[in-house]
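Asks: Listed here are the chains, written in short residue letters.
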Amino acid sequence: EAGVTQFPSHSVIEKGQTVTLRCDPISGHDNLYWYRRVMGKEIKFLLHFVKESKQDESGMPNNRFLAERTGGTYSTLKVQPAELEDSGVYFCATAIRGAGANVLTFGAGSRLTVL
Amino acid sequence: GQNIDQPTEMTATEGAIVQINCTYQTSGFNGLFWYQQHAGEAPTFLSYNVLDGLEEKGRFSSFLSRSKGYSYLLLKELQMKDSASYLCAVRESGGYQKVTFGTGTKLQVIP
Numbered sequence: 001e002a003g004v005t006q007f008p009s010h011s012v013i014e015k016g017q018t019v020t021l022r023c024d025p026i027s028g029h030d031n032l033y034w035y036r037r038v039m040g041k042e043i044k045f046l047l048h049f050v051k052e053s054k055q056d057e058s059g060m061p062n063n064r065f066l067a068e069r070t071g072g073t074y075s076t077l078k079v080q081p082a083e084l085e086d087s088g089v090y091f092c093a094t095a096i097r098g099a100g101a102n103v104l105t106f107g108a109g110s111r112l113t114v115l
Numbered sequence: 001g002q003n004i005d006q007p008t009e010m011t012a013t014e015g016a017i018v019q020i021n022c023t024y025q026t027s028g029f030n031g032l033f034w035y036q037q038h039a040g041e042a043p044t045f046l047s048y049n050v051l052d053g054l055e056e057k058g059r060f061s062s063f064l065s066r067s068k069g070y071s072y073l074l075l076k077e078l079q080m081k082d083s084a085s086y087l088c089a090v091r092e093s094g095g096y097q098k099v100t101f102g103t104g105t106k107l108q109v110i111p
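These protein sequence lines map, in sequence, to chains A and B.
Going by our numbering, the first sequence opens with residue 1, and the numbers climb by one from there.
Going by our numbering, the second sequence opens with residue 1, and the numbers climb by one from there.
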């Protein structure tokens, strides 16, 4: 089966511009998470969808970040306007729903560089 | 909230055994994961512990003590390809079951 797909793999933009990152989950994975890793720091939780519903967005840094998952399939994360501190690698991870290990499967990440 | 601590870096010799420790503090616990991440790649799942004790999977083993808020990942017969970051992650109990990651331990395997 296809894994978690993210694109773009790398985006370089200038401060003040807008960027939209996309994540295509594994088919049937209702849980979708966005994480961010800034250089030298931990992978930090941003938010969690179950299907199209936002379950927890406590990790979203501020209102410049907007995540959507219309129809409960792919998700987008938009940063508008981008700031220098938004640079990092944005990971998407998905998981099946239900009891058990509920292992997260990660995408390869989208590296964002804001100049 | 969660607080997860692991060493930043470790170095070990090819063929040897290395233990990577992780301590955590959480308001509600529902499992601990270990992930491996090679530079520039996605984290990949290694192990999951929810009950106390040792889980063995080939060259890798993971141990959990819930009362101590402690886990370790044991890598045996180290190979050069094991050079990577090892991420400890804790899942909260409750409705959201958020998974929180530590900063990761960068392991360098030397000849």
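Treat the hints as calculated values from the structure; they're not laboratory data.
Please note: incorrect hints may appear among the correct ones.
Quick list of in silico lysine-lysine cross-link-like pairs, DSS-like style, CA-CA up to 30 Å [what the hints assert, rightly or not]: (1) Lys51/A with Lys41/A; (2) Lys41/A with Lys98/B; (3) Lys41/A with Lys78/A; (4) Lys78/A with Lys44/A; (5) Lys78/A with Lys98/B; (6) Lys106/B with Lys76/B; (7) Lys54/A with Lys78/A; (8) Lys68/B with Lys44/A; (9) Lys98/B with Lys57/B; (10) Lys81/B with Lys51/A; (11) Lys41/A with Lys81/B; (12) Lys81/B with Lys54/A; (13) Lys76/B with Lys15/A; (14) Lys98/B with Lys68/B; (15) Lys57/B with Lys106/B; (16) Lys68/B with Lys51/A; (17) Lys106/B with Lys68/B; (18) Lys57/B with Lys54/A; (19) Lys15/A with Lys68/B; (20) Lys41/A with Lys68/B; (21) Lys44/A with Lys81/B; (22) Lys57/B with Lys15/A; (23) Lys15/A with Lys81/B.
Label pairs and their computed distance ranges (CB to CB) [said to hold, decoys possible]: (24) Asn3/B with Gly28/A: 28 to 38 Å; (25) Met39/A with Asp5/B: 36 to 46 Å; (26) Lys15/A with Ser67/B: 20 to 30 Å; (27) Ile17/B with Asn63/A: 26 to 36 Å; (28) Lys15/A with Gly40/B: 20 to 30 Å.
All figures in this text were calculated on a predicted structure; none of them were measured in a lab.
We put the CB at the ideal spot given by N, CA and C, even for glycine.
Asks: Would you list, in rising numerical order, the hints stated earlier that this structure does not obey?
Replies: 10, 12, 13, 16, 18, 19, 22, 23, 25, 26, 27
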